[in-house]
Amino acid sequence: DIVMTQSPLSLPVTPGEPASISCRSSQSLLHSDGDNCLHWYLQKPGQSPQLLISLGSNRASGVPDRISGSGSGTDFTLRISRVEAEDVGVYYCMQGLETPWTFGQGTKVEIK
Amino acid sequence: EEQLVESGGGLVQPGGSLRLSCVASGFTFSTSWMHWFRQSPGKGLVWVSYINGDGNNTNYADSVKGRFTISRDNAKNTLYLQMNSLRAEDTAVYYCARDGIMRAFDIWGQGTMVTVSS
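For the protein sequence lines, the chains are D and W, in the order given.
Residue numbers for the first sequence follow our numbering, beginning at 1 and rising by one.
Residue numbers for the second sequence follow our numbering, beginning at 1 and rising by one.
So that you can see chain D by itself, here it is in the shape it has in the complex (with noise of 0.2 Å):
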């Protein structure tokens, strides 16, 4: 199975200051297409996973600018440019290249 670490777990954040998760795949997640099977997914407090980005780089419909992915292979980020309020939550990479489809453990963002 493909192996998914995040870092870090734990995330305090100040409003209006950047923020960034790294996702290390155990194995390349270079389809032979191109592109990188490497998904961004927030879940809320409370509430369903929501689908951030795709494809390492592509945000999902509504998602702000100030959230971008970036990254290849087995090294990808996520990053946000100004926290904000509404961004808590615990934020999950996800590998989409081979069964079975496995998830980093989860980064844990909260307002200092």
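Keep in mind that a hint or two might mislead.
[As the list claims (entries may be wrong)] For the chain D half of the interface with chain W, some residues (derived, Cβ under 10 Å), not all of them:
1) His31
2) Asp33
3) Tyr41
4) Gln47
5) Tyr92
6) Phe103
7) Gly104
8) Gln105
No lab work stands behind these hints: they were computed from the structure.
Every residue gets a Cβ at the ideal spot worked out from N, C-alpha and C, and that includes glycine.
Chain W: place on chain D using the hints.
The following block gives chain W in isolation, referenced to the frame of chain D:
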């Protein structure tokens, strides 16, 4: 509005069975790959099972293989998860989700709680 609504969760004894349902609306269900996930209390997300659009291709996590069966009724826009031989470790919130592209799950249901306990 694109939406998924799960139902069927509840309290069941170890060794018992339960069938979850997930009703889709607002998108073309019959061509959508669909998945089940679960999240144990206070834990992370785990993929459980997948089914393709016409239902002739399925896959399961090792932890549920041989006990759970995924199916769909495209005429009713409904996804199912039949869960047999339930164990305490199956206790979780179960979510259904639509596979948008390359396992980017772009629509999620609200979840249904399954508790396996005597």
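Each hint, compared with the structure:
Among the interface hints, the one on His31 (chain D) holds; its C-beta lies about 7 Å from the nearest C-beta in chain W, closer than the 10 Å criterion. Hint status for Asp33 (chain D): holds, given a least beta-carbon distance of 9 Å to chain W, under 10 Å. The criterion of a C-beta within 10 Å of any C-beta in chain W is met by Tyr41 (chain D), whose closest approach is roughly 8 Å, and the hint holds. The criterion of a C-beta within 10 Å of any C-beta in chain W is met by Gln47 (chain D), whose closest approach is roughly 8 Å, and the hint holds.
Taking 10 Å as the C-beta contact cut-off toward chain W, the hint placing Tyr92 (chain D) at the interface holds, the least distance being around 6 Å. Interface hint at Phe103 (chain D): satisfied, since its Cβ lies 5 Å from the closest Cβ of chain W, which is below the 10 Å cut-off. With a cut of 10 Å, the hint placing Gly104 (chain D) at the interface with chain W holds, because the nearest CB-to-CB distance is about 8 Å. At a threshold of 10 Å, the smallest CB-CB gap from Gln105 (chain D) to chain W is about 6 Å, leaving the interface hint in force.
Violated hints: none; the structure is consistent with every hint.
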